[in-house]
Amino acid sequence: MDVELRGITKRFGTVLANDNVNLMIRGGEVLGLLGENGAGKSTMMNILSGLYSPDAGEIVIDGKAVAFEGPGDGIAAGIGMVHQHFMLVPVFTVAENVVLGVEPTGALGHLDLKKARAEVEEINEKYGLHVPADALIEDLPVGIQQRVEILKVLFREADVLILDEPTAVLTPQEVEEFFGIVRSLKEAGKAIVFITHKLHEILAVSDRINVLRQGRITGEGDPKALSEADLAEMMVGRPVSFTVDKAVAQPGKPMLEMRNVVMLDDGDDLVLDHVSLTVRSGEVLGVAGVQGNGQTELVEAIAGLERTASGKIVFDGEDITHASVRERHRQGMAHIPEDRHRMGMIATFTIAENMVLNSYYDEEYTRGLSVDWGHVQETAAAFCVDFDVRTPSVFLPAGNLSGGNQQKMVVARELERQTKLVIASQPTRGLDVGSIEYIHKRLIQSRDEGDGVMIVSSELDEIMGLSDRIVVMFEGKIVAEFDNTAGSADRNAVGLAMAGASGETTSGAAA
Amino acid sequence: MTTSIGKRALDDAGRALLQRTARGRSEFEDLVVVPVFAVIVALILGALIMLATGVDLPTIGKSFVALAVGSVGSLNALSETLTASIPLVLAGLGLGLGFRAGLFNIGAEGQLLLGGTAAVVFSFTFPSLPFPLLMILSLIAGAAVGALYASIAGILKATTGAHEVISTIMLNLISYRLLEYLLRQPYIQKEGRSDPISKSVPDAGQLPRLLDWIDPNLRLHAGVFVMLLAVAFVWWLLFRSKIGFAFRASGANPDAARYAGMRSGLVIVAAMATAGALAGLAGAAQVQGVLGRASPGFSAGIGFDAIALALLGRSHPVGILLAGLLFGGLEAGGRQMQVDAGVSIDLIGIIQALIIVFIAAPLLVRAIFPWGFRKDAKGGKA
Amino acid sequence: MTAATTNAASGEKIDSGKARQARITGGILIALALLVLFVLDVGTGEVATFKLSRPRDAIVLGDLVVPGSFNLLVAALLAFLGVRQFLRGGVRWSNLSIGIGLALVIMAFLVWATAGKSFSLTGMLQATMVRAVPIALGGLAGVLSERVAVINIAIEGMLLAGAFTGALIGSLLGSWLGLAAAVMVGGMFGMMLAALVVTYRMDQIIAGVVINLLVLGLTSYVTSQVFAHNRSLNNAQVFRAWKVPLLGDIPVLGPMLFQQNLFVYGALILVGVSTYYLFYTKGGLRARAVGEHPRAADTLGIDVYWTRYFHVTLAGMVAGFGGAWFTLGSVGRFDENMTGGRGYIGLAAMIFGRWHPVGALAAALVFGFADSLQQKLALLNTPIPSEFLAMAPYIATMIVVAGLIGKARPPAADGKAYVKE
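Protein chains in written order, with the working numbering: chain A, 1 to 511; chain B, 512 to 893; chain C, 894 to 1314.
Be aware that one or more of the hints could be misleading.
The list that follows gives simulated cross-link-like pairs (lysine to any residue, SDA-like), each with its CA atoms no further than 25 angstroms apart [unchecked claim]:
#1 C:K1309 - B:R825
#2 B:K753 - A:K246
#3 A:K246 - A:R491
Keep in mind the hints are simulated off the structure, nothing from the lab.
Based on the sequences and whatever the hints tell you, model everything.
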């Protein structure tokens, strides 16, 4: 089945997400769609799957123009989408999730789960997906959940599969396995649209590449004839180097030491399993791992957001195991949280208010029981200038800023004071390349001024580029440690460790 | 990393950022157009309901005249309007403060009942105290008990995550029974009565009437100053104080507040207690200024009307004051309407409920009055 | 658990949530044991007599005579359960122990209150069922709307609207049409709630509170404006009890379940039907998907808005039926605010019953039991003020909501508006 997008335009308010986009998708072929965050890839695919309707343009399937009114129409036309954020009901079983919307039924609308199960097994067999039909989604690892999504699409007999950033939650080895599945789908004659911002992945699996920038198609090509540098330039619009300029680290005294820290979740399962690590002043420690292996909890333990069940945390020589968030902050710990919208800022508050979110109580900003807002506003203005936060006024609600400027605001708030330790969790997730470069520069600058810096990221490239030393987390444990002075760590070995293979330990800091 | 924060001079780029952004048209629509439309539509619907229940047109006309005259048409009407608005505004301030802190306190009714009862009990327990002292201490007793009662819901939420809507509803139901029980206790019950009613507040504990030198029937009492003080206090608390910033932050985004080191448990309990204190104060003002004693259901639904008030006033102290005056006027006018036109005062309850429907669903008002709004004022943002 | 045990061996102290909960449960049980031992102690010589049948029943059972020492046994059992929890208890055991413990305490309480007297158990169970009906139907209305993630505070208003309409239309056109009208008006308010929260994206709690205020205002207004002068408009025929042949003759259970009026049978059938619907049919699966993950449902072509409208309207109809109980099933006449917070108790029953129809019914029976017990206690002349007993269900609800007895999980999207992109 061939699908063509002709002159698709989509506008959200004043933002032009797609601007006269043309795209050709053919059966038995993998089309790679490359673009930065915010380039309009997801919008385009949501239009193709029927979730959004375009303001202009048409979708042509096998020569016939079609109009989708809702996602149901997309499915009916044989177009299935695997979303970046899984669309699975966690408390339903795999079979229930797969049949949802197209349920086999008996009399009186009775749900025929036996039949559903059998059909799930059949597809499992055909494409080698190996998904347990009766397991609850919430009990499955993310890698398997993704296969459930693919199963869902295949169950609906889709001929076009749209895969939106499918590798974000996978280890490098799982990515290889996943590419295997993609190839077997291609051989079965399916058309695949593979959306990503990762250059090496798109080169590895695509038959044809389209590059999207600021809502427009800016490049098209054959992966065999293109290099990563070519693609990067097409994607960003200028030559970019993805390596971070930095001198060799000068590690000093330990700034943060964790010893056998254990944390349990609500159901008493171990989420941090005797974690020990050290961050020294003047070095960047990267924490690698597939999302959901305890990194969030690690950061929460360090920042004092969740109680630990046992173990000890020492910050610059002081035991802070039981210290409050505010005390840790006051002692010079900066924390850039992983989700700026949910944890890092308040969208309805002004930029000025957001700039003092965790220091408003400080003598600097108060007079008696009142906050000295005049002074806060002046300080916030200075911070905005220092950190290149582009805004017309500090009275603007933070929610009105672009993602990159929001993150720069958060970074400014955390770094514009005496700091000793910087914890940066997914510091560049969802940002444009310009903002990414800027934030990386500021983090390295903190390191060079003698702070201990810890970076937690699910983007292995980011970890490899920034860190002087790397630890890998898997299932709540630190399973490996690598020295990465001058990028010396073996990418493949780190990837293996992310999948749980116990790797070598190249320096003695981990207990 | 080292940066010299504080008293450094701002360069031009920085100073440019200190320009206030102009108040947008959508803000004006939100603060003025929607409430005005809401009140007008609610009044029109009220008229339709009267029609539907067989009230003839001249009587409906008479009702609206009575409503206007009874609320602002005379000195007595103004006095009644202000008197009715005192407990409404006090309780509404508490609820508005709760909303700002992200707490949906439905329990003002119970806090008000128990606070008022506490004020009565305190005042007749110490009848020998001199005038202003007994009055002030009784008010404080009412506020304290209201705060304590509300804190139960706050503590439950802070420690276990129990939703405050359910627990405050339950606390309301409990308070009705508790009041009934208390009012039958020999220490509290009025001598020689078998029905549940309390002893009276001694003269020294009452909020003095302000206008009885003009006409002894004018009921406006000193509670009006308590109300104005409370408006100023809540404004300062929310928008200038340190704890108020934590209230607002926790209400707007509890996760971000927690990540910023604000202690969510403390904020919840403090906000709930403050809200309860204001509701308790409302109860105390009502018994010390108007009723003189406690009886079952003396709150007369003020605690629920206050929810409407806080919404109408956009949880802003000044807005709540204005909304309270409006509701006080409806209350006073409604009584006049019942007398003059023979239309049940329950109609006012319907009008109040309709006002909140339109306030809380601005999209609905936009749908009814598209010409009152700039097109696409809240256009979709990606 | 495994982590805790291995680490205990190495002398490491791990503070676990489960252990804490087991300790709390143990503490509660031991406190209950002390309560039974010292407060509910019955003189050893005294006996409590429970009547199991009424003289005119088809099958007459003898009286159940319980000696006062029963309470000592209960105290011992409670203490055993408590200590067991304290020393080693998992979450599953915690819930079970608390359940058994509460049942034991209620039995001990009845024995204590009846000591030296006699008391009709059957009569009370029958009254329990009757009083549970509006609460169970309110709870079911809550389940139906919260399963599609719409918080329904408006149950109270829907009950009141049903009661009012039942009385008015019942007086004008007869009870059956009155019942039908009550169901329709309930559904109308359900649809209004859906419109406010789904289409106009009003805060769900505010919308519920507003509907309650609106219904209270409307019904009170008409009662004082119209009914006061026209009593014939507020005087409907009541549905009488109808005994199911044979089943109604079963001792104890017969009078409770099979000698009741239309509303009791209706409630039981509705609970059964909605359980089947929610958990075994296509429509139920879709409804639950909308409540758990509306976006996922949307991407699969399920119309989230329509699903919410449909189920919230259905919830309103169920509540309207429950509301008619107050007038057509009981006194035939409407009084201002006659539901008296039963809708809120229904909401509590839903939480108690963990968002499951059968659970809501079970919780409603507990509330109904407390309600009828309160009535009977006045007759038994116990030293406990009836107001305190009346408060007990509310306090129990707060304890449940606080999750002190195991946490219940509401539908994941509960209370959140869904904005289509």
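Going down the list of hints, with the structure as the test:
1. C:K1309 - B:R825: Given pair K1309 of chain C, R825 of chain B holds - Cα atoms ~21 angstroms apart, limit 25 angstroms.
2. B:K753 - A:K246: violated (41 angstroms)
3. A:K246 - A:R491: Holds, at about 19 angstroms.
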